[in-house]
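Order-wise, the sequence lines are chains Y and F.
1 is the number of the first residue of the first sequence in the numbering used here; add one for each residue after it.
1 is the number of the first residue of the second sequence in the numbering used here; add one for each residue after it.
No lab work stands behind these hints: they were computed from the structure.
Remember, it's a predicted structure, so these values are computed and weren't measured experimentally.
Do not take every clue at face value.
[As the list claims (entries may be wrong)] In the DSS-like style, the derived pairs of lysine-lysine whose C-alpha atoms are separated by at most 25 Å in a straight line are:
id	chain 1	residue 1	chain 2	residue 2
1	F	K106	F	K45
2	F	K24	F	K102
3	F	K45	Y	K43
4	Y	K43	F	K39
5	Y	K43	F	K24
6	Y	K43	F	K102
7	F	K45	F	K31
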Amino acid sequence: AVQLVESGGGLVQPKESLKISCAASGFTFSNAAMYWVRQAPGKGLEWVARIRTKPNNYATYYADSVKGRFTISRDDSKSMVYLQMDNLKTEDTAMYYCTAGILRIPFAYWGQGTLVTVSS
Amino acid sequence: DIQMTQSPSFLSASVGDRVTINCKASQNINKYLNWYQQKLGEAPKLLIYNTNNLQTGIPSRFSGSGSGTDYTLTISSLQPEDVATYFCLQHSSRYTFGAGTKLELK
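Please model the complete structure; the sequences and the hints are all you need to start from.
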């Protein structure tokens, strides 16, 4: 069965950095586009970042709200995807979900999420 | 950016009822519309992709329809296990989620 397990969330202060991770299993990771989605407390879902596969040169895309501060990356040898978050702001406080695009269906599978809290 | 307006925000229905949830896009999204179910404390689950394609393992009481800017998720006969929040996602141009519909039993 497909599994996505996020880790690395926690409490950080504004302007600090944090890197969250997602371990994938149950599918051919190297063939899947990977995404991060977040949900702030009491708010709706917001797409954060996307990374494509090796044949697509691992191209990356970002929401305007995080562009220049967040970096998505992947390690196909470990079936891992990461989100490096720099210069964090209080408005980045959210549950962060890792999702996989499989068989050309974006956001087909989701993890349980990891909570990031940015507060002084 | 494309905006998605989902309605209703809350829905109360009885077991066996036919339930419909709507999403309206701010521009034509060419049927690039997915529907998800999220139960309390669980990861979101894909129900329908590209407007009307049922994801593997999803009961046939769930169906999707629509075109252009208007899309609908239908549950033909509500079951107790369908209590959840439902949301849509457009993937025609970047990605935008609907605000969600919380479905409860009457």
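Here is how each hint holds up against the structure:
1. F:K106 / F:K45: holds, 23 Å
2. F:K24 / F:K102: holds, 17 Å
3. F:K45 / Y:K43: holds, 18 Å
4. Y:K43 / F:K39: Roughly 16 Å between the alpha carbons, so the hint for K43 of chain Y and K39 of chain F holds.
5. Y:K43 / F:K24: holds, 19 Å
6. Y:K43 / F:K102: Distance of about 13 Å is within 25 Å: holds.
7. F:K45 / F:K31: holds, 19 Å
The structure fails none of the hints (numbered hints given earlier).
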